[in-house]
Amino acid sequence: MTDQVLPQVTDLPSTIAALKERFPNAVKDDTRNGYEGVIVDAASLPDFARVIRDEYGFNYLSSLTAVDYLGHGDHLEVVYHAFRVPSGGKPLVFKAQTDRQDAVIPSLVSIYPGADFQEREAYDLYGIHFAGHPNLKRILLWEGFEGHPMRKDYHEAYYEQETKPFDTRWPGGHVFRGEEYNPFGHNVRYPAGFTLDDYKPQSEADFQQSMALGVDIMGDPAFRTDRLVVNLGPHHPSTHGVFRMMVALTGETIESLEPVMGYLHRNHEKIGERNTWYGNMPFTDRLDYICSMCNNLAYAITVEQMMGGQVSVPYRAEVIRVLMAELTRITNHLWSIGFLLNDLGAFFTPALYAIQTREYILDFFEATAGSRMMCNYMRIGGVFKDLPQRIRSEAALINDRVRDMDTLEYLEQLINDRLPRSIDELDELLSESEIIKSRCIGVGLLPAEMAIAYSASGPLLRASGVPYDIRRANPYSIYPELEFDICTRPNGDIYDRYYLRLDEMRQSVRILKQILPRLKDTQGQPIFGGKTSYSIKVPAGEAYGFAENPKGELGFYLVSMGGGNPWRYHVRAPSFINLTPLGEMCKGHKVADVVAVLGSIDIVLGETDR
Amino acid sequence: MSNGEINLRDLQHPDIPVPEEMQSNIAVTSLSSLYNWARSRSIWPMLFGLACCAIEMIATAASRFDLARFGMEVMRASPRQADLMIVSGTVTKKMVVPIVRLYNQMPEPKYVLAMGACASGGGPFKEGYNVVSGIDKYIPVDVYVPGCPPTPQALLYGLIALQKKIERQSLGVGASVPWYGGGPSEEVPIPILGPDIIDPRHAELLRKEAQKNRPTPTVSEALAESAQPESA
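Residue numbers (the numbering used here), protein chains in the order written: chain A, 1 to 610; chain B, 1 to 232.
Possibly wrong hints are sitting among the right ones.
[Stated by the list, open to error] Below, a list of computed lysine-lysine pairs in the DSS-like style, where the Cα atoms sit at most 30 Å apart:
| no. | chain 1 | residue 1 | chain 2 | residue 2 |
| --- | --- | --- | --- | --- |
| 1 | A | K520 | A | K90 |
| 2 | A | K200 | B | K208 |
| 3 | A | K164 | A | K520 |
| 4 | B | K212 | A | K152 |
| 5 | A | K520 | A | K385 |
| 6 | A | K90 | A | K20 |
| 7 | A | K28 | A | K90 |
| 8 | B | K165 | A | K200 |
| 9 | A | K90 | A | K164 |
[As the list claims (entries may be wrong)] Stretch-level coverage of chain B by chain A, calculated; a stretch enters the list once three of its residues show a Cβ under 8 Å from a Cβ in chain A:
| no. | stretch |
| --- | --- |
| 10 | 13-24 |
| 11 | 198-210 |
For the record, the hints were derived by calculation from the structure and aren't laboratory data.
Nothing here was measured: the structure is a model prediction, and the numbers come from that model.
Backbone N, C-alpha and C define an ideal beta-carbon position, used for all residues, glycine too.
Bound conformation, chain B alone (with noise of 0.2 Å):
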């Protein structure tokens, strides 16, 4: 793959003899791992950058680290047109709502990476009225990789396992992934924009919340809260 030649030993059964002299010639394989080694080598990823990591991600693309190397260079502007969306940075509350919006217009298989601290718990900003601690309290988030931000070689480590990950999928009936066979799965709920970020998920929970009539505790009030019955 490092060369851009095919190597059919990649796709080679294990189980199923194929004579040595043939093999630079003849794969035995299954449907599943032929149908994965080609996606696997050419996913597309969104043109969609966040903050600081949308840079280290650009830079990854460039001719330096040439993200042409693993398929990868097709970078499209169209969620309907991405395979990968690439969270390269701080979400904020207020573009978490874009970013749900544009990851239930991917079409199906489709894999989140989150790129750097941020993406994936928040990062040096958690603490941060207007930001979300990690995307995955939103979307399924396939691979992290950490960093602030990731370097290159950090992000093509991760493409690198994404492609792995894929890999060991499977296309048969009740396999591990929502997407073959069981028609088009769930739209993630598109968070609102209230008072502060709401899940629409919530909804109950808020509910119960609300009959406390009192706002929701912050950390502080939460470990006054927790420390009182000990001492009562």
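Next up, chain A with everything else stripped away, as it sits in the complex (with noise of 0.2 Å):
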């Protein structure tokens, strides 16, 4: 019999100090300027993670990403953010460096589940090798694809200069198009000496075959069924976007699911380290774009945590950052209950009821920052302006009369009346259903182990009885003076995440009704306490920092050169990590339950292929 080992739940320091002393020649403190956390030596990587998991207690590997140190060392570097969860409490930050020509790191699959879509996005963008993942295939990109273009010496076809402003554009402000360099007038690149004469790309069949979903053509002698494989997607109606699944089935039933994404891939993070620390706040309106405004407040306080003491966001513009981030959770479950019951074949009524209500916070949101998705409203210190004095909403139509109103008289309305209101219906609507019950109860069931070694977040996680919200285990903004709770639902499966897409928006009504008093008290008082310049310079040094998305934990690891743009710009997208366990949420299901299993996921393509 051995003994079990508890975790110990110690400090962080206190923590790195008995690891150091675990793994004395493995592993180092990382001392560069501004870096947190340890620096472990590759050979050992699957040794630690295996001790902080089980004795340390940080058993969610949040975020895995690659930096390329060209021309600051010249080598790759694999970047782990490990959490306790449901405790909570800073990240232990690890680090695991290799060579630029044969990178090579051991994988840590089998300790962290979760690590799996990760590891192949590293694999994918940095070319780094993953020793002993179970599939590791490019993932954003096709086979085939020449380079791996987040290396910092990788050239896109329409690359001019590192970093922006580019000097064709700026300050001259000269028309400029790429297609008129390119001898194709394309965006594209080709090898040197290549022709479509003998080049033989990959086909669908070998595609399929190199899916590794078990296929057998022969079938199962003994239950007389054929196994086949069921394309679902990228373009499909209930995929949410572009995203697309291979299924191989045995009759109705699911064997193996194979998620393919890519087909949003839109090169977020190469842009964003070309961009201005400013220039790339719009960009993420564009990761989930049903939540600008909370992308915008998750990439701002990551950088006001680079900034140290530059920047000090004013009380007001804290409260109007909240205010925004929880009518986003609104929108976005609205959003996403609608189209769960799409997915369950209530086509479309129900989501017109959630559509609507969300037309009544866009407006405000077009008559603040000016759009009604794309809000770029937050800045790094602060936002950019205040809350309109009066508010024009087409949405508050009475009498197809359009009605000019106090902006605060119309929050208050939203939030007494109209919002709690159509959450209630929806509820009665819903919640009922006999059909509802029948598709969405034990089915897609997601245990509390899984979700947490699958690094699961946001409802998911919490669907499954696990009470991990960041607003509460590694608070920011003013969510520490703000009432709330942590809304949990015990079994996992579709309904419960379903239902915790109801709580959380009445513990969204209830936060912002908390917010109005707040509102009216700072009234005229400064909204913004950062660096009025276009262009910004950030200390050298690396941050993560997270927030608690309508989707899950949104992460910015960032790493400045103290320049004005970022040296890496990664996302840790919550719908892109939350889809590692579907396979396993699928399988033994039917083919139509995968849509719905899809669908209360809830995923954004943006976000997901960034």
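Join the two chains, each given in its own frame, into one complex according to the hints.
So, in structure tokens, the structure goes:
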């Protein structure tokens, strides 16, 4: 019999000290200026990971990413952020370094299954080989793509300079079209001597073969049913965008499922590393395009963290930020419930109810930030504009008349009356429906341990009974002074995820009710405490900033070399990582359930593929 | 049209007189006008979303903006039942292959609306290594709607522009559109995912470029090259 090792929950510095003692030669402090955590010798990485998971309780590998330090040591570095869930607290940051030429790092998938897609992404974009990964293939790009584009020495077809603003356009303001400088007139770049004459691209059959779906075309003679592979997407109305799933079926039962993504991979990270620090704000809008305000907030708090004492966010700005974030949470959950019902077959009617309510909030966003969806509202050090005095909301039509009303009055009506009413309405119409119950209860199960192991976050994690909410576990903004509960549901099925979103909306309304008096009290106070220059320099160092987005933990891992642009701009996207357990959740269910399970995870492809 | 009533005066040919008192009952018109009038008011878009713009497209179809007022509420998930492809969002190199395939599967007459900056010209993501700078590099586009994303009002304006375009088309043989008279038009060749996206129409150009025996120059390399002869 072996004694069970209990997690020793200690504070971070003493944990690190103990780990250095445990691995005397393999674990070193990261002494670079502005960096935190430890550097682990690549060979000892699996042992180290097992120890921190089993003995120190860091059971949740939130983020895994790579950085190319070309010209700054010429090595590739893989950065891990591990948390204790559900107790919370600061992450343990550990790193492993490898050569740029033969980049090999041991895979951590066997210890943290949530590393699966993230390691594949690092392999795809950086060419780091993760030894021992069960399925190391490209994930965002296609097999056969030339090069690993996130490496610093990779230059895309329209490459002009390392960083913006480009000399061709600024400060002259010239019109410049990259097409005119490319021999093909397209955004394409081929290797030397490449022609189509004897080129054999990967065929769909090869692709399916490579999916390792375990399909044996002969079938199992005992059952006399043929196994077959069904392809869902990328053009399929239930995939919430351009997502693709390959499903291996026996009869109608799912044997295995493999997500295929990258159909909306629009190179946020590469573009983000060329952009200025401010210039990235509008790009964060387009990550999870339903929750642009929350994305803004997560990016702003990360850069503020790096700026240290140079910027201070005024109280009113924090109040407005929370107001926007919670309204966004409600729009997201409304949207997600509406479209979950769509996926269940209630075509468009529930979604219409949800979208109608969402419009009231969008009108407020439009009046404040100038845009319905892509708000680009927050700044490093505050927000860019105060709330307007009056709002002309077309959604508040009464007898076909556009009403011009006081903004606070509009918000009061919205928060105290309309939103709670709409949430109750959805609850009444849907929650007891026989069809919803029979389609959702017990389907797509994700037990708590599995949810943590797979690094699931947000509603997906909480619906499995894990009370982990970053607003409480690692508070930011003014959340510590606000009263709200962390909602959980015990069963981890589709119904619980649906119901949890209703509960969370109610909690958001509760927060918003506490925000209203604060908005009134702080009227006229400053909203921006940052730098007003067109561009800023951020002190050298790294930061991992994260926030509880409606879909889960949105994290930004930023590295600065002290200049006007990020050296590394990584997005820890909840929609991407929450898909890791999708295959496990769908196994054994019917093919029609896949759509519902996917709908209950609630993904947005802009964030999944980035 | 706005209130759902049929206004025969829309159809009336301007050169053929019809007594004033009969104009609410009788209209003399051409077959093309009658056909286009019916067609432009029952465009079925493909249920097809790519990125952020798709959310605004859904909002346009929902109750507040109500696409049904224009006879376009029947969104079809199958390209074989759709008249209009709204390319709503960033077109990536990986996605352009299915998009061209979907376009080829749509029956004629078919129309394409490029919604938003990305579909029209690459938008904010244009320089990305996996982004197609505008869907018009591969398939013909009828209407471009600017915006990032365009508001539902802008999309509606674009759709009305498309209706006007349809109304101007003629059924006559040799007309401005390829699909009346001459049999089905040629399919757009499907791009190939190679080391980068390959348009099969570029096979000849690729061969020519390959002789130079260097990777395709980036914009910065091309700029440097074009600057050299001047200094030499």
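Each hint tested on the structure:
1. Between K520 of chain A and K90 of chain A the alpha-carbon distance is near 34 Å, which puts this suggested pair outside the 30 Å criterion.
2. For the given pair, K200 of chain A sits about 19 Å from K208 of chain B by alpha-carbon distance, which is consistent with the 30 Å threshold.
3. Taken as a hint, the K164 of chain A and K520 of chain A pair is broken in the structure, with Cα atoms around 40 Å apart against an allowance of 30 Å.
4. For the hint pairing K212 of chain B with K152 of chain A, the CA-to-CA distance comes to about 26 Å; that is within 30 Å, so the pair holds.
5. Restraint check: the Cα-Cα separation between K520 of chain A and K385 of chain A comes to about 16 Å, which is no more than 30 Å; the hinted pair holds.
6. Under the criterion of a C-alpha separation no larger than 30 Å, the hint pairing K90 of chain A with K20 of chain A is consistent with the structure, at around 18 Å.
7. The straight-line distance between the Cα atoms of K28 of chain A and K90 of chain A is roughly 19 Å, inside the 30 Å bound, and the hint therefore holds.
8. Straight-line distance between C-alpha atoms of K165 of chain B and K200 of chain A comes to about 41 Å, which puts the hinted pair past the 30 Å bound.
9. As the CA atoms of K90 of chain A and K164 of chain A are separated by approximately 33 Å, the hinted pair breaks the 30 Å bound.
10. Counting residues of the stretch 13-24 of chain B whose C-beta lies closer than 8 Å to any C-beta of chain A gives 0; at least three are required, and the coverage claim is violated.
11. Counting residues of the stretch 198-210 of chain B whose C-beta lies closer than 8 Å to any C-beta of chain A gives 10; at least three are required, and the coverage claim holds.
In this structure, the earlier hints numbered 1, 3, 8, 9 and 10 are contradicted, and the remaining ones agree with it.
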